[in-house]
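Chains A and B, in that order, give the protein sequences. Residues 1 to 277, numbered by the UniProt record's numbering, are exactly what the first sequence covers, in order. Residues 1 to 277, numbered by the UniProt record's numbering, are exactly what the second sequence covers, in order.
Hints listed in this document are in silico derivations from the structure and should not be mistaken for laboratory results. A few of these clues could be false.
You can't tell identical chains apart in this list, so a pair holds if it fits in one copy or across any two.
[What the hints assert, rightly or not] Listed next, the in silico DSS-like pairs over lysine-lysine satisfying Cα-Cα at most 27 angstroms (straight line):
hint : residue 1 : residue 2
1    : K14       : K231
2    : K248      : K273
3    : K129      : K27
4    : K11       : K84
One letter stands for each residue in the lines below.
Number of protein chains: 2
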Amino acid sequence: MTRSELIAQIKQKKSFLCVGLDTDLTKIPEHLLDEEDPIFTFNKAIIEATSDLCVAYKPNIAFYECYGLKGWESLQRTATILPKDCFSIADAKRGDIGNTSKMYAKAFFDPQVSGFDFDSITIAPYMGKDSVTPFFEFKDKWAIVLALTSNEGSADFQNIENAEGVQLFEQVLEKVNSWGSIENTMYVVGATRGEAFLKIREHAPDHFLLVPGVGAQGGSLSDVCQYGMNKDCGLLVNSTRNIIYASKGTDFAEQARIEAQKLQKEMQIELEKAGIC
Amino acid sequence: MTRSELIAQIKQKKSFLCVGLDTDLTKIPEHLLDEEDPIFTFNKAIIEATSDLCVAYKPNIAFYECYGLKGWESLQRTATILPKDCFSIADAKRGDIGNTSKMYAKAFFDPQVSGFDFDSITIAPYMGKDSVTPFFEFKDKWAIVLALTSNEGSADFQNIENAEGVQLFEQVLEKVNSWGSIENTMYVVGATRGEAFLKIREHAPDHFLLVPGVGAQGGSLSDVCQYGMNKDCGLLVNSTRNIIYASKGTDFAEQARIEAQKLQKEMQIELEKAGIC
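Using the sequences and the hints given, assemble the complete structure.
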């Protein structure tokens, strides 16, 4: 999916919601556990209940990989039903030396080789340029590079300052900016600290940002929009637990829709306030 | 495998060789491509030809993941034939927020859940403490954390200095040292710059180091030993291309053995020089 197609989806759906598909067998409704592929059955119901309210889906690959072969089967089935009008994110946080990152790119971007055709993959930048650039070699595919994450440990390294007072995540933004473009690069920026977006936007005013941490992890949507939105929206705000685990009953998909709808409405207000739709 | 078991293997085999199983369908002998599972058939022959000469095997997960479900099947078959007396490394470079890293730990360490029972996994440290520590919760399992890698892009971030002149990789060593112990933590240190080991050993004198980059990538084994060996050896030196792609003919396993033997002999000399065996 291209940048302009993504922006068109955001305007049409009046939403910049990304639904996280971190499907955990210990958290989904018990009645699904008798199904042949409970993870896929759950995902299918969630997708059908939310696809008109969101513009992206983000399966976190760890939640599939942990079940070995069976998990990869569930992921493959899920990938085939991701709606074409939604941006798909393989949240895999991969990254290796150049020739190996190429293999990871094929794993998620080349359906002829791997069976997967995601629009994007999340990337850990620690290994530098040749670990990131192979993901840019695929047309209309995106690398979503970790910049400032929302977890407790993010400060351990990401906030380290160099002699000029520039933090590591800022240096990641600057360097990755010079390797890719706003047409193939996004950044992961956690929502737990709204004001952090000011600094991000100094370095990446036009990029799309993938924003986890709204809701269950404590971030506020209005803060994110106040400090992080740009003229094209420039945000994909992810919500997982609040939506997909809204109920453990047979009404889980219905309740997921209600939660997604709440967020979509808040997002619509923000988009209208900013004159985007 | 425990630290003392690993040291015992090194002394017994007079080797600290790790064979990389980065099995690429475009590089293995053509006559294998007619097999039902060429990757597994290749790996099996390589393992049988080298298992008395090395103490570790390291499949790079990207080389399996890129073939989707079929690749994961090849990896699973390969994992079942890794010899019990060899340390197994899932070279996956994973890392995510705490509850997700737990899933990755299960993916490689918990055979009940995933079918895999590797001794160790490589970890990217960018996301900090909670992305690393879940891997320590499994008994006799290891996190092998990226410190100073051997690729071109390693300098982009790993060598960034803070105001006190301490480089990022040094800060990774110091912080990760405080989260784990020499019984469950190793570091990836590239071999391309032998003297870099001096600085590594200042921060991690007793840890085992996983050392890629000897051979095809240009690092010298004697440099690595001069600057990096400690009283317990403290090194697992990886070789991949020189060994597994020594020949594209039907003699590939035989030639792999010859190359592995050369390295084992060099290693024996180094171990004897250091009085370790």
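Do the hints match the structure? See the list:
{"no.": "1", "hint": "K14 with K231", "result": "within (14 angstroms within a copy, 64 angstroms between copies)"}
{"no.": "2", "hint": "K248 with K273", "result": "neither (35 angstroms within a copy, 64 angstroms between copies)"}
{"no.": "3", "hint": "K129 with K27", "result": "between (38 angstroms within a copy, 25 angstroms between copies)"}
{"no.": "4", "hint": "K11 with K84", "result": "within (16 angstroms within a copy, 57 angstroms between copies)"}
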